[in-house]
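Counting from 1 along the sequence shown, just add 376 to a position and that's the residue number in the working numbering.
Because the hints were derived from the structure by calculation, they are not lab data. For each residue, glycine too, the CB sits at the ideal point set by N, CA and C. Hints may be right or wrong, so weigh each one.
List time: in silico SDA-like cross-link candidates among lysine to any residue, alpha-carbon distance up to 25 Å [stated by the list, open to error]:
hint, residue 1, residue 2
1, LYS499, LYS592
2, LYS592, SER679
3, LYS405, ARG686
Quick list of simulated restraints, FRET-style, between CB atoms [claimed, not checked]:
hint, residue 1, residue 2, range
4, LYS597, ARG523, 51 to 57 Å
5, THR676, PHE571, 23 to 29 Å
6, ARG512, GLU550, 28 to 34 Å
7, SER596, ASN637, 56 to 62 Å
8, ASN446, THR676, 33 to 39 Å
9, SER394, GLU462, 23 to 29 Å
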Amino acid sequence: DDLYLNEGGKHFRRIEGSHFGSIGRDTYKGMNATIADFDRSGTPDIHVSNVHAPLQAEGSLLWMTERSKNGVVFHNEAAKRGALNEHRFGWGAGAADLDLDGWPDMVQANGMVDDHMDRRFSKPRDYWYVNGQIARSDPGVHAYADRWGDMRGYTIWGDQANRVLLNRGGTFHEAAEITGLTRLGNTRGVALADFDNDGDADLVLTRQFDSVLFYKNHRSKPGNWVGFAVCGDGTSINRDAVGAVLEITQGGQHWHQDVLNVTGFTAQGDRRIVVGLANDPSPVKAAILWPDGSRQDLGTFESGAYHAIRKVTPVPSGEAADAR
């Protein structure tokens, strides 16, 4: 994976670890990057979808961010935290608090190639042998699909199950079956968005050889939440407020959520920020750190609703400016 830190909006600095396998020095074939504060430490972490299959037993990466005196340090904790996505060919992924318990969960799309579009045999055949030869070939063969063996009627890690990973205090637990995400296939994009404005994220999956799937989120028990739609003034702050960080406080609970412009491979999720409040319906306090470095206290907000936050262009003294 290649990671570049923005140095004050002037240039990017590439981050590289000290040893093989550390960030910037792994040899994996990353498919998707999902950013969220998975352990609620106040800094965003990075999940990279990957392949864990015969001949490519690599697995997804979960770069947990740790602040240090020299900036930030990244540790891969995918296996430790249950996000390896073992025995799957991973593609897109997305993060959202599906059960509104205050911790960001993940949905992982899986599956490579099947014979839905070019069936030749009564039962699809496995492409593993030819695929192995391709994997060991030189770039003159590997880089050109017209030099590969015929794929028609074959599968390559096809018809796989997607994953729902529920976050339980920073560790993920598989929940695809109990949440109803059991259909096999070859899925690519994951878009998590609150289509009915009830606080919980619904799910859209795009598939390589089939139509789009839509899953409405029906929680088994009520959950409290608060949501925000953030925008800049289009002058000092970009209109989408990308790079802003929203800070939410409720009692002794704290959340930090970044405003993002891209949320996954071949899909775009809801740009609004939603914080799950579990069993506490009380109001929250909010503040925002804008991309220009200014910090603004926003006041108190009622739960169970979306609120608009906008950066206001400075006005002459004596005139009021409301950011809400």
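Taking 23 to 29 Å as the stated bounds, is the beta-carbon spacing between SER394 and GLU462 within them?
Holds, at about 27 Å.
Does LYS592 lie within 25 Å of LYS499 when you go C-alpha to C-alpha?
violated (33 Å)
Keeping to a limit of 25 Å between CA atoms, is the pair of LYS405 and ARG686 held or broken?
violated (38 Å)
Note whether the CB distance of ARG512 and GLU550 lies within 28 to 34 Å or breaks it.
holds (33 Å)
Does the hinted range 23 to 29 Å hold for THR676 and PHE571 at CB?
Roughly 28 Å apart at Cβ, these two residues keep to the hinted range, so it holds.
Given the hint that LYS592 pairs with SER679, test it: the Cα-Cα distance must not exceed 25 Å.
The given pair, whose Cα atoms are some 22 Å apart, holds under the 25 Å limit.
So does LYS597 sit 51 to 57 Å from ARG523, Cβ to Cβ?
holds (55 Å)
Could you check the hint for me, namely that SER596 and ASN637 are 56 to 62 Å apart, CB to CB?
violated (33 Å)
Consistency of beta-carbon spacing, THR676 to ASN446, with hint 33 to 39 Å:
holds (37 Å)
In summary, the structure is inconsistent with hints 1, 3 and 7 from the numbered list given earlier, while agreeing with the others.
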